[in-house]
Structures are given as structure tokens and as C-alpha cells.
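Protein chains: 4
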Amino acid sequence: MARLTANSYGKCDVRLTKVVRTGATHTLWELTASIILTGDFARIYTNGDNSPCIPTDTMKNTVYVLAKKNEFGSPEEFGVILASHFVGRFDHVESDEVSIAQKIWTRIPAGGRPHDHSFSSAGSGRRTCVVKKTRRGPPRVSGGLAGLEVIKTTGSGFSGFLKDEYTTLQETTDRILATSIDAAWDFLPSASPDYNAVFETAFRVIPETFATHESLSVQQTIYAMGEALLARVPDIATVSFTLPNQHRLPVNLSPFRLASENEIFVATSEPFGLIKGTVARE
Amino acid sequence: MARLTANSYGKCDVRLTKVVRTGATHTLWELTASIILTGDFARIYTNGDNSPCIPTDTMKNTVYVLAKKNEFGSPEEFGVILASHFVGRFDHVESDEVSIAQKIWTRIPAGGRPHDHSFSSAGSGRRTCVVKKTRRGPPRVSGGLAGLEVIKTTGSGFSGFLKDEYTTLQETTDRILATSIDAAWDFLPSASPDYNAVFETAFRVIPETFATHESLSVQQTIYAMGEALLARVPDIATVSFTLPNQHRLPVNLSPFRLASENEIFVATSEPFGLIKGTVARE
Amino acid sequence: MARLTANSYGKCDVRLTKVVRTGATHTLWELTASIILTGDFARIYTNGDNSPCIPTDTMKNTVYVLAKKNEFGSPEEFGVILASHFVGRFDHVESDEVSIAQKIWTRIPAGGRPHDHSFSSAGSGRRTCVVKKTRRGPPRVSGGLAGLEVIKTTGSGFSGFLKDEYTTLQETTDRILATSIDAAWDFLPSASPDYNAVFETAFRVIPETFATHESLSVQQTIYAMGEALLARVPDIATVSFTLPNQHRLPVNLSPFRLASENEIFVATSEPFGLIKGTVARE
Amino acid sequence: MARLTANSYGKCDVRLTKVVRTGATHTLWELTASIILTGDFARIYTNGDNSPCIPTDTMKNTVYVLAKKNEFGSPEEFGVILASHFVGRFDHVESDEVSIAQKIWTRIPAGGRPHDHSFSSAGSGRRTCVVKKTRRGPPRVSGGLAGLEVIKTTGSGFSGFLKDEYTTLQETTDRILATSIDAAWDFLPSASPDYNAVFETAFRVIPETFATHESLSVQQTIYAMGEALLARVPDIATVSFTLPNQHRLPVNLSPFRLASENEIFVATSEPFGLIKGTVARE
Numbered sequence: 002m003a004r005l006t007a008n009s010y011g012k013c014d015v016r017l018t019k020v021v022r023t024g025a026t027h028t029l030w031e032l033t034a035s036i037i038l039t040g041d042f043a044r045i046y047t048n049g050d051n052s053p054c055i056p057t058d059t060m061k062n063t064v065y066v067l068a069k070k071n072e073f074g075s076p077e078e079f080g081v082i083l084a085s086h087f088v089g090r091f092d093h094v095e096s097d098e099v100s101i102a103q104k105i106w107t108r109i110p111a112g113g114r115p116h117d118h119s120f121s122s123a124g125s126g127r128r129t130c131v132v133k134k135t136r137r138g139p140p141r142v143s144g145g146l147a148g149l150e151v152i153k154t155t156g157s158g159f160s161g162f163l164k165d166e167y168t169t170l171q172e173t174t175d176r177i178l179a180t181s182i183d184a185a186w187d188f189l190p191s192a193s194p195d196y197n198a199v200f201e202t203a204f205r206v207i208p209e210t211f212a213t214h215e216s217l218s219v220q221q222t223i224y225a226m227g228e229a230l231l232a233r234v235p236d237i238a239t240v241s242f243t244l245p246n247q248h249r250l251p252v253n254l255s256p257f258r259l260a261s262e263n264e265i266f267v268a269t270s271e272p273f274g275l276i277k278g279t280v281a282r283e
Numbered sequence: 002m003a004r005l006t007a008n009s010y011g012k013c014d015v016r017l018t019k020v021v022r023t024g025a026t027h028t029l030w031e032l033t034a035s036i037i038l039t040g041d042f043a044r045i046y047t048n049g050d051n052s053p054c055i056p057t058d059t060m061k062n063t064v065y066v067l068a069k070k071n072e073f074g075s076p077e078e079f080g081v082i083l084a085s086h087f088v089g090r091f092d093h094v095e096s097d098e099v100s101i102a103q104k105i106w107t108r109i110p111a112g113g114r115p116h117d118h119s120f121s122s123a124g125s126g127r128r129t130c131v132v133k134k135t136r137r138g139p140p141r142v143s144g145g146l147a148g149l150e151v152i153k154t155t156g157s158g159f160s161g162f163l164k165d166e167y168t169t170l171q172e173t174t175d176r177i178l179a180t181s182i183d184a185a186w187d188f189l190p191s192a193s194p195d196y197n198a199v200f201e202t203a204f205r206v207i208p209e210t211f212a213t214h215e216s217l218s219v220q221q222t223i224y225a226m227g228e229a230l231l232a233r234v235p236d237i238a239t240v241s242f243t244l245p246n247q248h249r250l251p252v253n254l255s256p257f258r259l260a261s262e263n264e265i266f267v268a269t270s271e272p273f274g275l276i277k278g279t280v281a282r283e
Numbered sequence: 002m003a004r005l006t007a008n009s010y011g012k013c014d015v016r017l018t019k020v021v022r023t024g025a026t027h028t029l030w031e032l033t034a035s036i037i038l039t040g041d042f043a044r045i046y047t048n049g050d051n052s053p054c055i056p057t058d059t060m061k062n063t064v065y066v067l068a069k070k071n072e073f074g075s076p077e078e079f080g081v082i083l084a085s086h087f088v089g090r091f092d093h094v095e096s097d098e099v100s101i102a103q104k105i106w107t108r109i110p111a112g113g114r115p116h117d118h119s120f121s122s123a124g125s126g127r128r129t130c131v132v133k134k135t136r137r138g139p140p141r142v143s144g145g146l147a148g149l150e151v152i153k154t155t156g157s158g159f160s161g162f163l164k165d166e167y168t169t170l171q172e173t174t175d176r177i178l179a180t181s182i183d184a185a186w187d188f189l190p191s192a193s194p195d196y197n198a199v200f201e202t203a204f205r206v207i208p209e210t211f212a213t214h215e216s217l218s219v220q221q222t223i224y225a226m227g228e229a230l231l232a233r234v235p236d237i238a239t240v241s242f243t244l245p246n247q248h249r250l251p252v253n254l255s256p257f258r259l260a261s262e263n264e265i266f267v268a269t270s271e272p273f274g275l276i277k278g279t280v281a282r283e
Numbered sequence: 002m003a004r005l006t007a008n009s010y011g012k013c014d015v016r017l018t019k020v021v022r023t024g025a026t027h028t029l030w031e032l033t034a035s036i037i038l039t040g041d042f043a044r045i046y047t048n049g050d051n052s053p054c055i056p057t058d059t060m061k062n063t064v065y066v067l068a069k070k071n072e073f074g075s076p077e078e079f080g081v082i083l084a085s086h087f088v089g090r091f092d093h094v095e096s097d098e099v100s101i102a103q104k105i106w107t108r109i110p111a112g113g114r115p116h117d118h119s120f121s122s123a124g125s126g127r128r129t130c131v132v133k134k135t136r137r138g139p140p141r142v143s144g145g146l147a148g149l150e151v152i153k154t155t156g157s158g159f160s161g162f163l164k165d166e167y168t169t170l171q172e173t174t175d176r177i178l179a180t181s182i183d184a185a186w187d188f189l190p191s192a193s194p195d196y197n198a199v200f201e202t203a204f205r206v207i208p209e210t211f212a213t214h215e216s217l218s219v220q221q222t223i224y225a226m227g228e229a230l231l232a233r234v235p236d237i238a239t240v241s242f243t244l245p246n247q248h249r250l251p252v253n254l255s256p257f258r259l260a261s262e263n264e265i266f267v268a269t270s271e272p273f274g275l276i277k278g279t280v281a282r283e
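Residue numbers (the working numbering), protein chains in the order written: chain A, 2 to 283; chain B, 2 to 283; chain C, 2 to 283; chain D, 2 to 283.
One or more of the hints may lead you astray.
Below 27 Å or equal to it, Euclidean Cα-Cα: the simulated BS3-like pairs (lysine-lysine) are [said to hold, decoys possible]: (1) A:Lys133 with B:Lys164; (2) A:Lys277 with B:Lys133; (3) D:Lys164 with C:Lys133; (4) B:Lys164 with B:Lys277; (5) A:Lys277 with A:Lys164; (6) B:Lys164 with A:Lys69; (7) D:Lys133 with C:Lys277; (8) D:Lys277 with D:Lys164; (9) B:Lys164 with A:Lys70; (10) D:Lys277 with C:Lys133; (11) C:Lys164 with D:Lys70; (12) B:Lys133 with B:Lys70; (13) D:Lys133 with D:Lys277; (14) B:Lys277 with A:Lys133; (15) D:Lys70 with D:Lys133; (16) A:Lys164 with B:Lys133; (17) A:Lys164 with B:Lys70; (18) C:Lys133 with C:Lys69; (19) B:Lys69 with B:Lys133; (20) B:Lys277 with B:Lys133; (21) D:Lys164 with C:Lys70; (22) D:Lys69 with C:Lys164; (23) B:Lys69 with A:Lys164; (24) C:Lys69 with D:Lys164; (25) C:Lys277 with C:Lys133; (26) C:Lys164 with D:Lys133; (27) C:Lys70 with C:Lys133.
Treat the hints as calculated values from the structure; they're not laboratory data.
When you get a sec, could you build the whole thing from the sequences and use the hints?
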């Protein structure tokens, strides 16, 4: 009467710290990896037959072992190593998906120069990537960033929108725009991208476009950031953005006989707008 | 050179409290709703033309207005009202998706009976639903629950699993199993389900099955819960589960010359296993 | 030029799961313990002399070892065991403070009765205790609860308050009152309290008083809960409450030509009122 | 039988955004303020007499009105304005305490220079201050920082510590040290500090000292940071630190026949060490 129609499993939030020592200068990787497998696992569910079950504890160990055995220069590279491992080793694994988030540390300035082995947190953004691997074909790699908090105090408006009897929002040509940018980009099949160069460009171009774009809506800002990224990184095929609109609402000061001069605002946690868009190279 | 290939937007985490007074006895709804629209919105992104843009602030207002204007007896019913509104009113909206989470309050016992208008939080679980509506066809409704925390101190094992040189996990026929259950169910096209009766059955049968099932794996427990739910609720077509394995690891007491007798454990936040499965009626 | 004028250290958030088997019926303890020591530790800071330093890792181990070696029937009892250990064993420890939070699990109903070994989360509240021990004198024990979420849809008002030119709040004799109760109680020096009986009474009387009290303010509700607890538990000397006012604001429906009938509200995360009060037995 | 022996109340997490326009260049303040009052409020609790009750909603309004009416150049200055308001205006307020956390935004680089009105999140640290004001005497101001995440991959050890039979921690002369620094400093009564200059010095000197100090323990690092700050800022009287030890544990690779070379670690969320110390000018 019952049938298992879909299944997958894996290990989430494996926290890896790797220190690479090049003389006195250390490189620090702090990655959080999640691995999800699909494959011929149905009888684990239906028959209690664990023989095809790769324990998620083994997946965790594998992250540490592969991090030890392999040099890598980017989260994407490590993601490819991890994703290739499971489908490469186990015939009954049909596909796996590895998601990695990298904490971005920056060298602490000390004595006028970046310190060799001491770091502080660099802003709110994380570097992210997802690698999907099936039994056939090369791994599909996407790079990204998440949680990059930005705000602009002018150069943003929202007017000319559709109104009905439930609309109370006032039109404005000058508002605060605040958000936390998530972006993910795919590469052209023909590309051999330098993942770090791509990330660094994106991490610079996306907030710079946010800063300089005269925004008529969050939607338009997304498109402008997408256009700018495609223009600057020829290897990128598509880029997808997800941006919450983290409202800063003007405080009504009229009960206190004070003019509202676009000066005093309240930030609200919820509700929030959520705007998504994908921009592709034509 | 650039082209918008996908887009959607909406309002998230609209918090609605509705009090329904039936004489002295009050019914309390605390819902958090999110609305995502797709449709003919591209020129907002590409041209800065906001004329088709329904402000997310209007969506928020609409939640409150429709909650005021309509009686409803379940989150699913309110979800249908909301989801039907946007595609019904705006020709350029092609589909919308409304997700609702309900905080579950229980009446405080006072003077030997449940209180008329005072409530306390009832466990960790939330009631959830998702309603999707396109321009054509009826709304598609799924019910669910989320964050239902359960634990069993025996009646769970994990052995006979695949081993390779990266496996260090010991087999066990007696372990603690702890998880936080997320489940979502779809209905048969022919069904006219009583959403509340379905939820109450699921909210009872799922933890009861967790309790009594002799578990060989989280996967097998998922299948057992799915089978039990399908057996008890004829209107359900499929049910999907997502269960983190919230590990309780035996503490190694041998350095202290104490026997480990499956008695002392440490709970870990991460990493965690994540097991998914969908069970369908045949 | 510099001098160390205060110091303390310890281990926080040690997560302990203990299963006690009485035949087929299991008792489950899930405690999170924190230990803070004060004593003759200054030279660790000033001289890098670690000889008096009890590693926090040892404190963690001690939690597990003492949980294994000792039977206990309440978090307070285990707190006394833990707090007595450090000042009892190490002459240079002057005092320690042990804080424990217990996750409250309830037996899952199965087959018409509470299950032997399977549990679900019971509401939002946690049981808490703090035990302070100095070299001299008995341990000072306080019991408590935290995070007990309650809400009432009437039987609460707020009027007659002080007004100045910055006041815009409307008086009301009928509002929603929602909060998350934290309470901590101390015992009379002469008492030999049954910690579990006290907790169970508090966990019942406090929400019951919240439910039935006709509230003129959060402050008055605090006092009423304190009075009720003191009246019901002779061993308690004082009880302190901390209550956030988790506002439910009436939604202004007048732009939509709908009457506001104390029916539709929005819950806000912040800002929130915070009200504290201590009630003592005279 | 019952008596109110302590009470206080106020408003927490009032989120203020203030934009100051100096020509094209905007200054952005994002502050979260909490206000707690003590005074002659007992009859609110005991008698339901709200006549002395300043609504917390009025406190919230006051934050926005005073932010509008006053120019300020630091959170400390605004804290003094706020704290002075309540005891200055209401005779029955005996003291108030204002706590402020400032989100640190940094100008986005655009076209080779910091942007006029667009900002991104600058690291994990927040700027904090607490201002306490009683009816008599000047406000007492402390500055601080919170959540400043730092990590060093060498230059840290922990050895020579006290051992007992519950100790399993290995001594090490080379470990990772990771923490999130909270610091708060008080000023000499004679000082007229430049709050911004003090903060900027602290925000530079504290992580720099963390970076360059050869640490024998978290405790010793705290003392070193305190000494350095006192040496660099003559106006500071005392500085208190609270540092979690955010462990990075070496992964045991011996089951995989791999040497552990201080290279592969796991970060754990809990338990964590917590180390506190106050360093005063002699």
C-alpha cells in the first residue's frame, strides 16, 4: 500500500578548520560542508537493510581525511574533491551534492602589515559553493556568496507601483535600501574558471554596483548587479540573487511636532520583502 | 548581453494574531505567513518599470484585511484564501505560493479545566501548510508539521552498514535516537479533507510511531511513520519527511575507569545527519 | 601600572544526557550545565603560570564522571554535587557557581498510556537552577524556570499611566498580554525543600495565576504570581521574575474601512518591554 | 505576607537608524538601545496603580525624538542624552541605565574611494556603551566592543596546568586560539575622553595584541590586552574582558593512518570555556 518514491540523506554542517603553513605565513580555511547522497538506498528505508548505507559518520570522517590528503586552493576545488569521492567509490551512489560555506577571515594589521597567523572576521559575508556530481559527466560547480550586508542611505526609490484598495505604501524617490545579499553563479560549459579570481571580482563588483546604482526597486538593483557581474566575468553563465528587503521605516514624528526629514528610521526584523532574480548571458 | 531568466518576489514572515470570540471562550490564531508571486514582472527588473509591481507592503496589508474579512478554521483554509486572492485579482500574476506556520498554543489548566482565554506554548512543534495556486486549476494544498522534537532512549539501533577505510562508527543495537520531525503531506485529487482532523491524526500518529517502532535506522523510522500515516488518513496521497539525526554520543568513561553502560551521553549540535524520504500511497 | 582586580573562569554549555533504567521504564535527564570558578587564579593571568589552572576541559569531564557516579533526582541535587566538588577538592577555589537548564521532555502517549522510553518536547519552558558554593557554609540553591511562553487574549489592560509630550500610547482596558516567563526562587534557610515538588507547583501555579489574574500591568501580574507562589510553597523565601512584554499591536484597519474590533494584531520582535520584580516573604 | 523587594523595568532593543547629511556625504548611525529604570514604582506592582508608570512605549518614542532633536558624535554621547533625560524629567526615577550597541558599517569602495552613502558590514564586532545615571552626580559612562571574532593559528599554548584524575586534556605548546572578544572600559573620574578616539584605539590595539602576544592561556591574553589598552589610553581606568574559548580540536587521524600535524581541526559550538578578567590602572 505504501511505496518509497524519493529519498536522500547525508551529513550537514561538518566544520573543518585547515591550517596550511608556508614558512611563517599561515593560510587558514574554515569551511562548513554538507553532503547529500542519492542512489540505491530504498531498502534501508523499506527493509531495514543497512548494507548499502554509508554512515553519515563516515561522510564526516571523509571530509577530514580528504582535507588532510589533498591540497586545495578554493572551496570549489575542495567541493569537487568531496563530490567526486562518493560517486567515484560507490557504484550505488547516483549523485551527490556538496555545499560549502567559507568563513572569511582577514589578517589582523599588526606593526603596519597583515599578520602572519592571526585573523579577524571580515564582514558579514560568507563565500559559498555547491558542487553536484552524478555518475556521468563532470561535476557541476557553482560559486557564490551569502549574507553580505549592505545599506545605502539614498540613491534608492520606489514609486509608480501598482495600487489597489489594500495599498497604503507611499511612493518615495528617496529611501534607505538595506539588504543581505545571497548570490550564486554558474559557469559556461567551456570555462576553466579561476574560482578565487571570480569570487574576488564578485565580492567587489556586487557591492560596488549596489553602491553606485540609482535604484528604482530591489528588483532593478538585482538586475544591475547581475549585468555588472556578467560583464566583468566572462566565465559566468548565469547568476541568481536572493535579496531580503530589510526595511528601514521612517519614524512618524508628527505627534511630537517635528518634521520628518528622511533622517530618523526604525529597522524592522519582520515582515520583510524577498526578491529573487536570475540573470543569464545571452 | 544579459537576460532575466527567472524571477519571483513576495513578503515573508507576516505575523498575524487573530482572536475569535465565541462568548467567553476565545480561539487564538498565531500564524506567520509568506507569499511569493511569479508572473509578468520582468520589466520591473530590466526597465525599472514598477507598473506591474504589487508592493510587498500591500501583500502584508492583504494578509490582515483578508484575516479580518474571512472566517477560517485552519491554516490551510486561510492559505487557500490568500493564495486565491492574488491570482484571482491580478491577471499578470501567474502563480503564487503561500506558506504558513502556526504556533501551537494550548489552554492553560486553571481551576480544573482549560482556561477560556489564556494559553501556553504546547511543545516544540509548529503546524505548517503550503498552498500553491496557478491561474488554472484548484489550489494545491499540503499540510504539515515542523520542529516536533522527539527522543527515545532505546528501541533504536544502527548496524550492518557499509564500511570502508574511513569508517570508525561502531555498530550498535541500542542507541538513543533524537530528532526534530518535519513532515508535509499532499492529498489525493479526489479528497475533500478535514484539515484539522488530518493534522490532529498526524500529530498523534507520527510521534506514536516514532515511540513504538523498533528502529534499525532513521531511514526505516521515516518509512514506518509514512506507512502509519497513510494507513490512518485515507485522504493523504504522499508524505515527505526530513529528519536531522541529533546525535547523542556515548561519553568515553574509560579514562576514569568507569564502565560505559549506555547511560551517559553528550548531545552535539553539529555535524548532524539529515535523512529525507517520501512515502506514497500505491 | 596594571593590576588584575577581578577574574573568574569556567566551562559553559556542557550538555549531559543521562538515562536511568528502572526495568523497562527509562528516566531521561537532558541538562546543560555551566560552571564558573573564582579563587586564587591571578597568576595565570599575570604571570602565565598555569599551575593553579583547572582546565575547563577537566570541568567538562567532571560533569560526566559525577553524573555517572551519582544518583540524583533533580537538577538542584546534581548542581549541589557539582558545586561542592570544586571547592571541596581544590583549596585555592574560593567559590563556584553551577547553572543548570533542564530540557523538559514528556512521555509520548502510545496505546493509551505514557510510553516507557520515548519522549516529546513539552512546551517552551525549561527548568533551571543555580547553586553557589563557597568554602564556608552550605550551598545556596535557587530553583527556577525559563522561557515559559504564555499569552492571554483578554483579562489584561494598561491605563492610568503617566503621560508626557512623548506619549502616544492609547489607554486600553482590553489587550493581549504575551510573555515568556523567567522565574527564580530562593529557599528559607530553615527549609529542606523537595525540589521537584516545588518546581511542579511553580510550573502549575505561575501560568495558572497568569491565566486568571485580571491584569492592570505586567508589573501587577508579576506581583500576583509572586504572591501566589509564596502562598503555595512555604519553603520559598523570595521569587524573582523577568518578563518581556511581547507586544501584540492592533492592526490599524481604518485605511481599509474596516472596524478595529480587537481582533487582528501583529506580533513584533522588538522593541520589547522588560519588567522585573522580586517578591519576598515577610 | 508578600513584599516587593526589588523592581525595575524598561524598553529593550529599540532600533534607531539616523542619517546625517553633510552635503553629499552621509553619516549613518545604526544603534540598538535599551533603557532600564529604577525608582518609586512599587505601587504599580502591588496596587495596580499605574500613575507613576512611564510606558515603555514612551521610552521608545523618546529615543526617536531625542535622536531627532540632538546632534551626537558617538553612542556614548547619545547614551548620556538618553540617560539624563529620564532622571532629569521625572522626580520618582532614581536611576536609569542605557545600553547601546552600534552596528559598524564601513563605506563600500567604489571608483577607487569610499562611497558617499553606501556601506557594508565591517566585521563581526559591535561598538557598545553603557551609561548609568542617578539623581545625583554625573553620568557614569563605559565604552566597549562586543563580538569581535579573532583567531590565531599558532603563538598560543596551554601547558603546566593542574591535573587530577579527571584530566584528559593534553598539554600543548602550539594550538589554535579562537574567540569572540567582549570588552568594556571605564574612564578615570578626571578624564574628558574623546569616546571615538578611545574606541578606535581599542578596536585596533585589542586585536593587535591578540595577534602578537605569545599566549600561554586565554587568561594571560586577557591580561596582555588589558595592559596594552591601559598603556595606550590614559583616560581608561579599568577594562573588563569576557572571552569564550571557541575550541578548535585536532581531529584524530590515526584511525586512517595519517599523521596529525596540527593541520586538521574541528570547531565545536559547545561546551566552551569562558574566561573573564578586569585589569585596572594602578
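Checked hints:
Restraint check: the Cα-Cα separation between A:Lys133 and B:Lys164 comes to about 24 Å, which is no more than 27 Å; the hinted pair holds. Under the criterion of a C-alpha separation no larger than 27 Å, the hint pairing A:Lys277 with B:Lys133 is consistent with the structure, at around 18 Å. Of the supplied pair hints, the one linking D:Lys164 and C:Lys133 holds, its CA atoms being roughly 24 Å apart against a limit of 27 Å. This hinted pair checks out: B:Lys164 and B:Lys277 have alpha carbons roughly 22 Å apart, not beyond 27 Å.
With a CA separation close to 22 Å, the supplied pair A:Lys277 and A:Lys164 stays within the 27 Å bound. For the suggested pair B:Lys164 and A:Lys69, the alpha carbons sit about 20 Å apart, so the restraint of at most 27 Å is met. Straight-line distance between C-alpha atoms of D:Lys133 and C:Lys277 comes to about 18 Å, which keeps the hinted pair within the 27 Å bound. Straight-line distance between C-alpha atoms of D:Lys277 and D:Lys164 comes to about 22 Å, which keeps the hinted pair within the 27 Å bound.
This hinted pair checks out: B:Lys164 and A:Lys70 have alpha carbons roughly 20 Å apart, not beyond 27 Å. For the suggested pair D:Lys277 and C:Lys133, the alpha carbons sit about 18 Å apart, so the restraint of at most 27 Å is met. Distance check on the hinted pair: C:Lys164 and D:Lys70 sit about 20 Å apart at the alpha-carbon level, within 27 Å; holds. Proposed proximity of B:Lys133 and B:Lys70 is supported: the alpha carbons are some 21 Å apart, at most 27 Å.
For the hint linking D:Lys133 to D:Lys277, the alpha-carbon distance of about 22 Å falls within 27 Å, and the restraint holds. Taking the CA atoms of B:Lys277 and A:Lys133, the gap is near 18 Å; set against the 27 Å cutoff, the hint holds. For the proposed pair D:Lys70 and D:Lys133, the alpha carbon gap of about 21 Å is at most 27 Å, so the pair holds. A threshold of 27 Å between alpha carbons decides the hint, and for A:Lys164 with B:Lys133 the separation of about 24 Å falls inside it, so the pair holds.
At roughly 20 Å between alpha-carbon atoms, A:Lys164 and B:Lys70 fall within 27 Å of each other, so this suggested pair holds. Using a Cα cut-off of 27 Å, the hinted pair C:Lys133 and C:Lys69 holds, with the two alpha carbons roughly 22 Å apart. Restraint check for B:Lys69 and B:Lys133: the C-alpha separation of about 22 Å stays at or below 27 Å, so the hint holds. Of the pairs offered as hints, the one joining B:Lys277 and B:Lys133 holds, with about 22 Å between alpha carbons and a cut-off of 27 Å not exceeded.
Distance check on the hinted pair: D:Lys164 and C:Lys70 sit about 20 Å apart at the alpha-carbon level, within 27 Å; holds. With a CA separation close to 20 Å, the supplied pair D:Lys69 and C:Lys164 stays within the 27 Å bound. Only pairs whose Cα atoms come within 27 Å are accepted, and B:Lys69 paired with A:Lys164 is accepted, the gap being roughly 20 Å. A threshold of 27 Å between alpha carbons decides the hint, and for C:Lys69 with D:Lys164 the separation of about 20 Å falls inside it, so the pair holds.
Note on C:Lys277 and C:Lys133: the hinted pairing holds, with a Cα-Cα distance of about 22 Å set against a maximum of 27 Å. For the hint pairing C:Lys164 with D:Lys133, the CA-to-CA distance comes to about 24 Å; that is within 27 Å, so the pair holds. The straight-line distance between the Cα atoms of C:Lys70 and C:Lys133 is roughly 21 Å, inside the 27 Å bound, and the hint therefore holds.
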